[in-house]
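Chain A is already provided as a structure; the job is to place chain B on it using the hints.
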Amino acid sequence: MEDALTSSERKPWRDGQETPFIQVSNISKMFGDFTAVKDVSLDIWKGEIFCLLGGSGCGKSTLLRMLAGFETPSAGTVRIDGQDMSGVQPNARPTNMMFQSYALFPHMSVEKNVAYGLLRQGMAKAEAADKVSDMLKLVQLDGFASRKPHQLSGGQRQRVALARSLVKQPKLLLLDEPLGALDKKLREETQFELMNIQDTLGITFIVVTHDQEEAMTLSTRIGVMNAGQIVQVGEPREIYENPDSRFVADFVGTVNLFDGTVEVAAPDAMRILTGAGPVVVRPVEGLRAKQSVSVAVRPEKIRLTREPVEAANAMRATVLDYAYMGGVTIYKVALEDGQTLKVTSTNGDTGDVPITWDEQVHLTFPAAAGVVLTS
Amino acid sequence: MGRRWIVIALPMIWLGVFFLLPFLEVARISLVDPVIARPPYSALFQDGAFTGDLENYAFLLSDSLYINAYLTSIRIALISTVFALLIGYPMAYAIARAREPWRTILLFLVILPFWTSFLLRVYAWIGLLKGNGVINNILIWLGVIDQPLVMLQTDFAVYVGIVYTYLPFMILPLYANLVKLDGALLEASADLGASSTDTFLRVTLPLSLPGVLAGSMLVFIPAIGEFVIPALLGGPDTLMIGRVLWNEFFSNRDWTVASAVAIAMLALIVGPVLWLQKSMERA
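These protein sequence lines are chains A and B, in that order. Position 139, counted from 1, in the first sequence is what the numbering used here calls 139; the numbers after and before it change by one each time, with no gaps. Position 21, counted from 1, in the second sequence is what the numbering used here calls 21; the numbers after and before it change by one each time, with no gaps.
Mixed in with the good hints, there may be bad ones.
Just some of the chain B residues that point at chain A, by a computed CB distance under 8 Å [unchecked claim]:
#: 1; residue: Ala184
#: 2; residue: Glu187
#: 3; residue: Ala194
#: 4; residue: Ser195
#: 5; residue: Asp198
#: 6; residue: Leu207
Derived by calculation from the structure, the hints in this document are not laboratory data. Cβ coordinates follow ideal geometry from the N, Cα and C atoms, glycine included.
Here chain A stands alone, though its shape is the one from the complex:
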């Protein structure tokens, strides 16, 4: 477990000393007139769980399929462990893929499904059988070896698919929505299982998902995609705390956006004039006065109180609605100019009467809570 921690603490992308294990350079894919992937460049280091996050049709699956060799890039190159993959067929690549539909061979038992890849590379049957049984133990499916896929539950099928794609010890494992078909509880359990297996085997994972929570939990880094392009790459915390565009701020988590113009662009303080009044943020380089920007503030960074509180930013609002979630309550409030905001407040710190509908409240947040977005 300690080893696992240290390996996930490794952050080679920060210093750039180590050579990237996977180098995607200026890759594009056109289907007729439609550009599915547009000039994507990406470096991924050994041992990472890299999540490609985006909505449907953003090109994330096409990018994954180009890494697997199922699609030929219209332009650009892919290198895996220094080796150029141009013209290398899927069956000759050091990658394996876990398909969204699992794509288990319905006429073969679990054992035969998992052994398939080993036998195709010419491994002796006895050796393959040993590896298969080790792998089935790892995914907790020992005892299911002779079942057919249709005799398994969804979660079990998912683990067979995982075992089958891992058993050849690929340099790179590609996972297309690996948990998409599982129900919520099973998905959460499986996320941690997946991380443990990845730590045990040390294989580099690239995961395609549309679920931002899944991406947050699993990944060392996230690449957020939109309209065929990678819009931001970073560690989960970086993506959440410092989104660099309105799209990322909105796609990853919930966000309140204040649109406005830069009023004072001084080195020590910065005010953005918005419809809700001036918003004070930490100074950002490269902004000029009168420039149109948005300020993104996460719901949990705003404090909601009955009495006024001293803070860099203070606003008055009316509670429109709230949802009690147990640990937290999510408030929907209206500012004086009509803009609605979402505010999350943690329950259980006071014995006060909870704030409820139509109450006049004070919203406060520090300058550090606002992220200035120019695009």
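Frame of chain A, contents of chain B only:
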């Protein structure tokens, strides 16, 4: 409940009236003696007594003509089925993998021959295969051969006729099966390191076996009883059971032996077909 019963009863009544009753009638005729009368067979019950016997069946066994005809029929039907499969599988595969609108066009072309008379199409083959027919003329003109090849009135012509006629019955069920094949399975196979030959032999082919079986049945069963094709394209040696049946009925006017031939043929086919279906269900 009442409505459901009607839904099941309708096909049952249809099959009973138009299949089971005629079949029982043929079975009855196969058990009685021929007489010179109209109809040309005796009654199964005379003065309340059962008069049927298996004499006609014993006759089938006593004359090697019938056994040979059965064996020839099975051989010709089997070989034709194998060729129809070898030709039909790649065609069905190609159609299933074709993109629209090609897929629809190709499927239409497979069905197109049904729009002309079956008899005309078999006659057309006479024109193609005969001594001074199209194929011989072209081969002589090309200088490939000096003398016309004898193709008509041989087993070869019967194979050509059966394979040609029944090919759509092979292609359509195979197509229906192959078009459902999940492309992700083929990708998964390639991803795990299999060559395209391996993928075909280990994934595509095993998964298409129900289609192979259905297509083979649809060719094999009618081919065994085929009468028109061997009569028009085959020679005097091509003695298939359908021709024997025709001769018994219309030349000999021996309805009782003819009925025995028909029932024996049915029994011969039903056994293996049931066995095959059972083994497919288990797989």
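Quiz item: Among all the numbered hints in the text so far, which are the ones the structure does not match?
Solution: none
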